[in-house]
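Chemist: In the order they appear, the protein sequences are chains S and Y.
For the first sequence, our numbering gives the first residue as 1, with consecutive numbering after it.
For the second sequence, our numbering gives the first residue as 1, with consecutive numbering after it.
For the record, the hints were derived by calculation from the structure and aren't laboratory data.
Please note that the accuracy of each hint is not assured.
[As the list claims (entries may be wrong)] DSSO-like cross-link-like pairs, simulated, lysine-lysine; straight-line CA separation at most 30 Å:
no. : chain 1 : residue 1 : chain 2 : residue 2
1   : S       : 95        : Y       : 105
2   : S       : 11        : Y       : 108
3   : Y       : 60        : Y       : 105
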Amino acid sequence: EAAVTQSPRNKVTVTGGNVTLSCRQTNSHNYMYWYRQDTGHGLRLIHYSYGAGNLQIGDVPDGYKATRTTQEDFFLLLELASPSQTSLYFCASSKLGAYEQYFGPGTRLTVL
Amino acid sequence: GDQVEQSPSALSLHEGTGSALRCNFTTTMRAVQWFQQNSRGSLINLFYLASGTKENGRLKSTFNSKESYSTLHIRDAQLEDSGTYFCAAEGVNSGGSNAKLTFGKGTKLSVKS
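Make the full structure from the sequences, and use the hints.
Modeler: Shown next as structure tokens:
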């Protein structure tokens with residue numbers, strides 16, 4: 001089964017703060033994704049990538065940047081964090097775009 | 001409106017009983033995934049279907065692309081089945097640079113002794 005890890009698992013920052021969430025997958029998957037989960041909304045796609053150096057815009061990208069540095073590593077950047085970005089963030093990976101996605105354990109971010 | 005409509009939003013079962021969860025799609029989907037989110041918040045893969053029916057233990061899932069729905073049946077429910085169940089679907093244009101899953105809002109299942 002695919003292994004996807006995320007760090008940190010919990011993060012607290014203040015409004016205007018700079019946050020980087022990290023994701024690593026070790027199964028040679030091409031696609032990686034960042035989602036946020038909020039009560040009443042399910043999971044919503046922020047950004048995704050189909051390879052190192054590639055970035056695709058998801059459904060809720062405002063206020064987020066992302067960078068895929070290697071096939072294994074995908075980062076989500078919040079450069080001016082706001083309380084509306086308080087959420088549970090999941091990273092996922094899949095072999096190809098139309099294949100089963102595997103999720104990391106999540107990062108709980110609180111913006112005060 | 002939502003492309004993936006999941007029902008019911010909440011469900012309570014006694015141990016040993018069963019029920020069905022359903023997702024209806026407002027656009028044509030080419031595959032569906034079902035997940036369980038446990039009490040720790042982890043998303044556990046249950047099924048991935050491009051068509052037909054799959055079964056795993058006490059769980060069975062069906063995906064009918066033509067009629068735009070998918071179901072997850074749970075039988076002989078156990079306490080550890082409690083959690084939130086999500087379906088997520090790929091549109092027919094997914095793949096390549098358009099790979100996206102659209103999630104339903106989940107069914108919160110409580111299994112009681």
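Chemist: Could you grab the alpha-carbon distance between residue 11 (chain S) and residue 108 (chain Y) and see if it respects the 30 Å cut-off?
Modeler: Holds - the C-alpha atoms of residue 108 (chain Y) and residue 11 (chain S) are around 26 Å apart, at most 30 Å.
Chemist: What's the verdict on residue 95 (chain S) and residue 105 (chain Y), does the C-alpha distance respect the 30 Å limit or exceed it?
Modeler: Within the cut-off at roughly 25 Å; holds.
Chemist: For the pair we were handed, residue 60 (chain Y) and residue 105 (chain Y), check the Cα-Cα distance against 30 Å.
Modeler: Answer holds: residue 60 (chain Y) to residue 105 (chain Y) is near 20 Å, not above 30 Å.
In terms of the numbered hints stated before, the structure departs from none.
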